[in-house]
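**Student:** If you want the building blocks of each chain, they are given just below.
Protein chains: 2
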Amino acid sequence: MESPDSREASTQAAPRRRGRPPSPVLSRGKITTAALAVVARVGYEGLTMAALAHELRTAPSALYNHVKSKDEVLNWVQDDVCETIDTSGFGAGPWDLALTRWAYSYREAFAPHPPLIPIIAVFPVAGAPHTLAMYERVAAGLRDGGWPEDMVVDVIVAVESFVLGSAMDVSAPEGIFDVGDRPELAPTFAAAVSARPARGAASADTAFGLGLSALVAGLRGTLAAVRATRG
Amino acid sequence: MESPDSREASTQAAPRRRGRPPSPVLSRGKITTAALAVVARVGYEGLTMAALAHELRTAPSALYNHVKSKDEVLNWVQDDVCETIDTSGFGAGPWDLALTRWAYSYREAFAPHPPLIPIIAVFPVAGAPHTLAMYERVAAGLRDGGWPEDMVVDVIVAVESFVLGSAMDVSAPEGIFDVGDRPELAPTFAAAVSARPARGAASADTAFGLGLSALVAGLRGTLAAVRATRG
Chain G
29 MESPDSREAS TQAAPRRRGR PPSPVLSRGK ITTAALAVVA RVGYEGLTMA
79 ALAHELRTAP SALYNHVKSK DEVLNWVQDD VCETIDTSGF GAGPWDLALT
129 RWAYSYREAF APHPPLIPII AVFPVAGAPH TLAMYERVAA GLRDGGWPED
179 MVVDVIVAVE SFVLGSAMDV SAPEGIFDVG DRPELAPTFA AAVSARPARG
229 AASADTAFGL GLSALVAGLR GTLAAVRATR G
Chain S
29 MESPDSREAS TQAAPRRRGR PPSPVLSRGK ITTAALAVVA RVGYEGLTMA
79 ALAHELRTAP SALYNHVKSK DEVLNWVQDD VCETIDTSGF GAGPWDLALT
129 RWAYSYREAF APHPPLIPII AVFPVAGAPH TLAMYERVAA GLRDGGWPED
179 MVVDVIVAVE SFVLGSAMDV SAPEGIFDVG DRPELAPTFA AAVSARPARG
229 AASADTAFGL GLSALVAGLR GTLAAVRATR G
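As given, the protein sequences belong to chains G and S, one line each in that order. For the first sequence, the numbering used here gives the first residue as 29, with consecutive numbering after it. For the second sequence, the numbering used here gives the first residue as 29, with consecutive numbering after it.
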């Protein structure tokens, strides 16, 4: 794999042909960046190998030399996003604090890519080494925190469900809860919407913070009850 | 608006023309059903007024006589799905039990329509009377349960985020957490996946039940703390 610098140099040195833009040397980084751009513009269904090749200003056949399918592209995208998620709390402190930090970082990683959220929510983890490394650190942290092995994945899935649902909420429009021209249909709700202190992205942050602290506190209670029962 | 029976009768009575299938009389119900079918097949981006007209075997111009835009179609779809969600617990018992029943029913309403989940998560509620009626009952139930008015919407958004994230998880493939051909990358996680008692849809149910009871228990604690502080 070439470094970015040598790649730039080779592109500049290549002779230009009339009417054909220079075709950049493909790399995993360029392909995943282009895939995110295509998904952001035309959605997941619009992400085809042809559309991706067009975005990269290359021929589909050249793209297929680097990546074998749309699924492999998505595997790379998932793995690149998961690599940025902070799991450093696990092993360094109590599981509940580590889980909270992980959840904040996880939401922050996916919030900028709304169309990816429902895809990644159901995307297999096999073959994505950074994603597997993330789950390994979380699972070990929960186990070391006292969670029974058979409950570890359910705790992870529950927190992930809340995180991914909250990541979608970040892109909700400002007036999503405006009652419109018939406030008499929902007077209590309209008053509650007006009384909400925060607005826009800040209101999503407030709801996320409220829900995450409640979820984690509830999980502390669940773990205490399970340990009391199982001994 | 004709009743379904009279509509069937008029369709049957219409003379058939060679090579043209009979064009059914359009109704809000037929349009929302067709929209769900198009979204299920080709995704949200594929839901255009042209695709919807094709699905309904009618001309786009005929469709535009009944509904003015894709946004209005989605408003109808959202409202039809929300109409099925159970809010009967609110006003009939404690807020936490009502919230739990609402969350189960909400997830059940959206789980069959994965492509709709990210759309509805950010779709404005104005002009959707059943949706507004749902939020009104939830908001009134939370207020009557003692939640301060300025926290009611954040509680709703937090629970909705968990519900919609969990609704996505229902359609996750059976082997989503299979570690693949490199188990040494995530041995603790792989052991936890193997130790998970439930499989498939049942495992999604287990994770949802665990997370929801923790979230609601945590919210009970939050409310007690808020009331102690605010007096």
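Keep in mind that the hints are not guaranteed to be accurate.
One copy or any two copies: either way a pair holds, since identical chains are not told apart in the list.
[As the list claims (entries may be wrong)] Cut-off 20 Å, straight-line C-alpha distance, at most; resulting in silico cross-link-like pairs (SDA-like, lysine to any residue):
| # | residue 1 | residue 2 |
| --- | --- | --- |
| 1 | Lys58 | Val244 |
| 2 | Lys58 | Ala161 |
| 3 | Lys98 | Ile204 |
| 4 | Lys96 | Arg56 |
Derived from the structure by calculation, the hints contain no laboratory data.
**Student:** At most 20 Å between alpha carbons: which applies to Lys58 and Val244, within, between, both or neither?
**Tutor:** Neither: 38 Å inside a copy, 44 Å across copies.
**Student:** Is it within, between, both, or neither for Lys58 and Ala161, if the alpha carbons may be no more than 20 Å apart?
**Tutor:** This pair counts as neither: shortest intra-copy Cα distance 23 Å, inter-copy 48 Å.
**Student:** Pop the pair Lys96 and Arg56 into one bin, within, between, both or neither, using alpha-carbon distances up to 20 Å.
**Tutor:** Intra 12 Å, inter 44 Å, cutoff 20 Å: intra-copy only.
**Student:** At most 20 Å between CA atoms: does that hold for Lys98 and Ile204 within a copy, between copies, both, or neither?
**Tutor:** This pair counts as between: shortest inter-copy Cα distance 17 Å, intra-copy 33 Å.
Against the hints set out earlier in the document, violations occur for numbers 1, 2.
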